[in-house]
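**Q** So the protein sequences, as listed, match chains G and D. The first sequence begins at 1 in this note's numbering and counts up one residue at a time. The second sequence begins at 1001 in this note's numbering and counts up one residue at a time.
Simulated from the structure, these hints should not be mistaken for lab results. Since we're looking at a predicted model, the values are computed, not measured. Incorrect hints may have been included.
What the hints assert, rightly or not - Calculated lysine to any residue pairs in the SDA-like style (CA-CA distance at most 25 Å, straight line):
1. D:K1111 x G:N76
2. D:K1157 x D:S1192
3. G:K139 x D:D1089
4. G:K105 x D:D1089
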Amino acid sequence: MRAALLALVLCGALMGCRHGRLSALTTSPPGAVSTLATDDSVTSTLTLTEGIAVALECNAMDGLTCDLNRLYVAPNAIAPVYLGYGDFGVQRRTTSNGATTQASKAVFIVTGARVGTQVIDVPAGSETLKLVVNVIPQK
Amino acid sequence: MTLRSPSIDLSNQIVGIARGSSAVLLLALAAACSGADNRGTTGALGQSDIIQECDSRDLACSPGLDVPIAVGASETLQLHITARGVTPDRIALVSTRPDKIYTQGTTIEAKAAGMSSILLSNADKTVLDFFTLTARTPTALRLHRNSTTSNAALPNKIDLLVGDRVVLLPHFYENGALLAGVAEQTWTLDGSGFSILNEGDIASRTIVGRSPGTGTVTVKSLGFEAKLTLQVLP
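Please build the complete structure, drawing on both the sequences and the hints.
**A** Printed below as a string of structure tokens:
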């Protein structure tokens, strides 16, 4: 109990409770599924119909940016990933110490190449977000 | 100690949306006037327009990409990147399921029934946009008349006068629903009183009434067959 309370206090003091997040920019076509669910602070699950692509945006914690150039998934994987370009304007982020960055959205495209599960590490500032991709069969 | 929360400033984007609303309206009006929107789609990220490569006056294009593509058939696409300030470098079409929809250059070919997203990839493998197509197995082939007023399926028999021209094009169907796509065709003509012309369009033939008579035009494609009885009246 004391340990949990201590962790909670430390979390609040260091702003460690705040994490980066992934969000979906596109929906699935009729007859297909692309559902993004947040499991815990750093893990999300994407359920995706095979053959379907979905665009995700990465926002790092504390005003940092997601370095998607370090994001790599082999082309023959269950869920190949591509760097995306988004003409969505500039976002200005402010860190907890007042510094600002201005950059375009960090967008990447996840595709369901074949049925199965794949875990993708997404570099998000000083942490790594886990994206579990469950590719399900087409109806 | 006071800690400031991280924040994302969206004010510039909100101003941009307000400024952009009139531009969006103009774009919508332009699309409605051009008539090109019924032959294609806009990419999922809104940064491209994808349309069937076709003369906008040609009603043979009317299925466009609004319907699934027939397995075994292909379509050639025109791609327009609409992202602001971007001149793309050698856009390539990348299929997420090439076993279902295969891409070669700007041509897509349906290989098997199912769905596949098609990525518009820049030379550096950055994806600018994507769209999803569906392939369906055809169950029938029907002949359509291509005119300035109609692209409806024809009945089994039509009458012509000497000198009349009618442009015929075959379309694939799946259980009564129209499909897109063109495949290799074989045209044959039995009877007298009319000629069949190949005017260079792989998807159509032109029938010309020459003299009074009757006959049958038959087209075969992907193992399906469609027939039309013609009567040329004096």
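**Q** Now tell me, hint by hint, if it's right for this structure.
**A** Against the structure, the hints come out as follows:
1. D:K1111 x G:N76: Since the Cα atoms of K1111 (chain D) and N76 (chain G) sit roughly 19 Å apart, the hinted pair holds (cutoff 25 Å).
2. D:K1157 x D:S1192: holds (15 Å)
3. G:K139 x D:D1089: violated (36 Å)
4. G:K105 x D:D1089: Roughly 21 Å between the alpha carbons, so the hint for K105 (chain G) and D1089 (chain D) holds.
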